[in-house]
Amino acid sequence: MDPHTLALMYARNFMFMFYGFSAAWLIVAVYVISLARRGARLKKELDDVRRLTDSADSPL
Amino acid sequence: MREKFVIGLAAAAGLLLAFDLYRILLVLPDEAMQGAIYRIMFFHIPAALTGFTGYFVALILSVLYLSSGNLKYDSLAASVTEVALVFSCVNIVTGSIWARVIWGIWWTWDYRLTSTLISILIYAGYLMLRRAIDEPTQRARLSAALSIFGCVDVVIIWKSIEWFRTQHPGPVLSIRTGGGNIDPAMEHMIYYNLLAILMLATALVLVRTRQEDISREIDSLRRTANAAERNIA
Amino acid sequence: MRTIRQSLQVARKDLAVELRTKESLNAAGAFAIVILLLFSFAFDPAAEETKEIAGGLLWLVFAFAGALVFNRGFARELPNECLDALLSSPLSPASLLMGKASANFIMLLVVEALSLLVFGIFYNMRWWLRPWELAGIFALATWGISVVGAVFGALTVNLRLRELMLPVLIYPLLIPLLMSAIVLTNTLLANGAMTADQLIWVRVLGVFDIVFTALAVALAETILVN
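Protein chains in written order, with the working numbering: chain C, 1 to 60; chain A, 1 to 233; chain E, 1 to 226.
Derived by calculation from the structure, the hints in this document are not laboratory data. One or more hints might be untrue.
To be verified - Calculated cross-link-like contacts (lysine to aspartate or glutamate; reagent style DMTMM-like; alpha-carbon spacing at most 20 Å):
| no. | chain 1 | residue 1 | chain 2 | residue 2 |
| --- | --- | --- | --- | --- |
| 1 | C | K43 | A | D219 |
| 2 | E | K13 | E | E23 |
| 3 | C | K43 | A | E3 |
| 4 | C | K43 | A | D213 |
| 5 | C | K43 | A | E217 |
| 6 | C | K44 | A | E3 |
| 7 | C | K44 | A | D213 |
| 8 | C | K44 | C | D54 |
| 9 | A | K159 | A | D110 |
| 10 | C | K44 | A | D219 |
| 11 | A | K72 | A | D213 |
| 12 | A | K4 | A | D213 |
| 13 | A | K159 | E | D197 |
| 14 | A | K159 | E | D209 |
| 15 | C | K44 | A | E217 |
What the hints assert, rightly or not - Label-pair distances were calculated between CB atoms; the ranges are:
| no. | chain 1 | residue 1 | chain 2 | residue 2 | range |
| --- | --- | --- | --- | --- | --- |
| 16 | C | A40 | E | P90 | 50 to 58 Å |
| 17 | E | R160 | A | F56 | 25 to 33 Å |
| 18 | A | L195 | E | L159 | 37 to 45 Å |
| 19 | A | E162 | E | R20 | 40 to 48 Å |
| 20 | A | M128 | E | A27 | 21 to 29 Å |
| 21 | C | E45 | E | T3 | 43 to 51 Å |
| 22 | A | M128 | C | W25 | 21 to 29 Å |
| 23 | E | E133 | A | V63 | 34 to 42 Å |
| 24 | A | R222 | E | L164 | 21 to 29 Å |
| 25 | A | N226 | E | R160 | 17 to 25 Å |
| 26 | E | E48 | A | S68 | 52 to 60 Å |
| 27 | A | A12 | C | A40 | 18 to 26 Å |
| 28 | E | L164 | A | T137 | 20 to 28 Å |
Ideal Cβ positions, reconstructed from N, Cα and C, are used throughout, including at glycine.
Hey, can you work out the whole structure from these sequences and the hints?
Written out as structure tokens, the structure reads:
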């Protein structure tokens with residue numbers, strides 16, 4: 001195979017390799033972000049419900 | 001204390017991954033026939049192993065839940081399954097990109113790809129089932145049953161589709177082929193990356209489990225608040 | 001032995017109810033015929049290629065019609081709290097599950113027989129050339145589907161989205177079974193003898209049936225009892 005085609009093939013290969021790496025890390029990043037958001041939402045909900053039960057307890 | 005452990009674990013995973021990435025991109029040579037694209041293997045194979053290990057661990061945790069009744073096992077099982085699902089998706093996507101370069105097609109009905117896809121569908125069903133049930137004990141019980149059925153089925157699927165179609169490259173890891181199929185430096189790289197990804201997966205599982213526990217706490221507090229309101233009223 | 005006797009009692013009760021109203025059989029049967037009709041538009045019945053995929057078409061029809069049958073299986077016990085009554089009775093959960101599976105089995109076989117008739121007419125296929133082997137394969141595969149259908153019918157009976165969750169959960173699980181049945185049915189419909197290679201698929205069917213029946217019996221109490 002002549003060097004020009006070889007060079008083109010390698011360049012394309014590298015491009016796809018980076019696409020591959022990016023795809024993998026994108027999926028993990030999306031999951032981590034969704035975890036973070038869920039965590040924040042849960043924390044807020046926990047605080048809200050704690051306040052609710054505290055106020056429910058106090059009249060008793 | 002536990003949060004520090006999780007952060008430490010994630011940081012260690014990150015460092016190892018950075019080190020691996022340096023070696024993968026700059027130190028290891030190109031493979032003779034595939035060119036640069038083979039480097040995807042360093043994430044593809046560990047992701048696959050993490051995914052399937054996760055399913056088996058979830059099976060064990062489900063059995064532990066059913067025998068002990070302790071909901072902590074249920075939280076762990078759900079988290080492990082979810083993280084395993086994420087890494088299985090990474091597995092399929094990286095495999096698909098590799099296939100596009102090497103075989104010229106995005107998808108092929110090869111046995112590993114098909115089995116992995118079916119496993120993803122089974123465990124996506126698991127997560128859907130969990131969403132559909134509000135009561136924690138019932139949810140834990142039924143998800144545990146599904147997890148057991150699912151994992152046993154994944155084994156059956158794996159073997160039966162292997163007989164059905166074969167195009168995927170054969171095993172390369174020495175433990176399966178007895179050496180000679182792959183340059184040892186590359187093989188060690190796969191194992192290092194596997195370690196890094198397992199550490200990352202463990203950190204994610206720990207975070208997710210904590211969220212499950214918080215979610216259950218919120219649920220029980222709500223029920224208490226409801227009961228208290230009814231008492232007052 | 002007691003479990004088997006109890007299962008048969010449950011199966012008989014279900015079949016008796018079904019014979020009286022014929023609701024599941026009518027629905028599943030009509031559904032099967034409609035799908036076969038749709039398939040005849042999608043896949044040209046005259047073409048040679050269609051004859052090669054005949055097994056696949058048939059088993060898809062059975063799987064879809066089966067979902068209707070399984071949905072009704074436990075759902076019919078919900079009104080008047082019949083399910084609670086059954087569970088509080090001396091009946092063991094395993095017998096209840098196996099009884100439902102057996103009833104599913106018979107009903108699905110009836111739907112399959114009907115579909116085979118209609119299929120033979122629409123697609124001009126002579127399916128009766130190897131009757132015993134075909135019957136054997138159908139029995140093995142249908143039992144596997146019925147057990148999985150009963151288990152997940154029980155699992156999803158109290159869920160909001162029962163009709164949606166049941167198919168979503170069972171179809172991926174049934175893939176090895178459907179795959180084996182399709183391969184074997186294709187061979188038998190083309191009047192080929194089953195080669196030694198294909199005995200592997202019979203073994204897959206057998207393993208699937210045994211493993212899932214055992215799992216169903218072991219997990220029956222977990223799934224059914226609150």
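Structure versus earlier hints, numbers of those that do not hold, lowest first: Going through the list in order, the structure violates no hint and respects every one.
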